[in-house]
Amino acid sequence: MRVSKEVIPVILPLGAFFAILAVPLFLPVKKCLLSSWNFYAAALVFIAAVWSLWFFRDPDIKVNASDAHILSPASGRVMAVEEMPGGRKVVRIFMNIFSYHIQRAPYGGKVKKITYTHGSFINAAKSDAHIKNERNEVVFDTPRGAIAVTQIVGSIARRILCWKKEGDAVEQGEKFGMIKFGSQVDCEFPSSCELLVQEGDKLDCARSVIAKW
1 MRVSKEVIPV ILPLGAFFAI LAVPLFLPVK KCLLSSWNFY AAALVFIAAV
51 WSLWFFRDPD IKVNASDAHI LSPASGRVMA VEEMPGGRKV VRIFMNIFSY
101 HIQRAPYGGK VKKITYTHGS FINAAKSDAH IKNERNEVVF DTPRGAIAVT
151 QIVGSIARRI LCWKKEGDAV EQGEKFGMIK FGSQVDCEFP SSCELLVQEG
201 DKLDCARSVI AKW
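If you count the sequence shown from 1, position 122 lands on 122 in my numbering, and the numbers rise without skipping.
Be aware that one or more of the hints could be misleading.
[Claimed, not checked] In the DSS-like style, the derived pairs of lysine-lysine whose C-alpha atoms are separated by at most 25 angstroms in a straight line are: (1) Lys-112 <-> Lys-165; (2) Lys-180 <-> Lys-62; (3) Lys-164 <-> Lys-62.
[As the list claims (entries may be wrong)] Simulated DEER-style distance windows between Cβ atoms: (4) Glu-171 <-> Leu-53: 46 to 56 angstroms; (5) Ile-122 <-> Ala-22: 35 to 45 angstroms; (6) Asn-123 <-> Leu-161: 13 to 23 angstroms; (7) Glu-171 <-> Glu-199: 45 to 55 angstroms.
If you are wondering where the hints come from, they were derived from the structure by calculation, not from laboratory data. Quick reminder that beta carbons are idealized off the backbone N, C-alpha and C, glycines included.
With these hints in hand, go ahead and build the complete structure from the sequences.
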């Protein structure tokens, strides 16, 4: 399974720590009074390393591309579907620590604007997390109207990554960012679009259709 390069800063320290803990296990027992403690600690570090590889997984995804559809920019569950002032619609997606955490463009176009807002780190599942928490809004200028995707941190997720810059062209389903550990992603689109999801629906990134033009 392919993993994102973003795992490197996480897996290297875990690997080094595992080596430090594991080496004494191969020494004579009389020279290693803490061999039992080392074994359990090394096992925990190993589990953490395996989980990190799973979290940063980056499998090949067959994008469900269509000019008529807006795709989900993230994997997770729909926590809310709302109508914004002015009539625009938004789908709020909660990602737990086991979700695929890379974000993909819901529609093809160009990155019009990127706005980073500093804030709190409350649980991303809370209804006001999109207002209080640190977040990064990426506005895509598409042939049919503007679509905004907001990456929102949570109580565990503390880092937002965005690999695109203003002016970059993107294809539907193309990777553009990642949030490290459980978080929320909002997708806002024009009022003329027809919603195809409801609260509680499970979504697959770049596969599930959340609205149509």
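Checked hints:
| no. | hint | in the structure |
| --- | --- | --- |
| 1 | Lys-112 <-> Lys-165 | holds, 9 angstroms |
| 2 | Lys-180 <-> Lys-62 | holds, 23 angstroms |
| 3 | Lys-164 <-> Lys-62 | holds, 21 angstroms |
| 4 | Glu-171 <-> Leu-53: 46 to 56 angstroms | violated, 27 angstroms |
| 5 | Ile-122 <-> Ala-22: 35 to 45 angstroms | holds, 38 angstroms |
| 6 | Asn-123 <-> Leu-161: 13 to 23 angstroms | holds, 21 angstroms |
| 7 | Glu-171 <-> Glu-199: 45 to 55 angstroms | violated, 29 angstroms |
Violated hints, listed in ascending order, are 4 and 7; each of the other numbered hints is respected by the structure.
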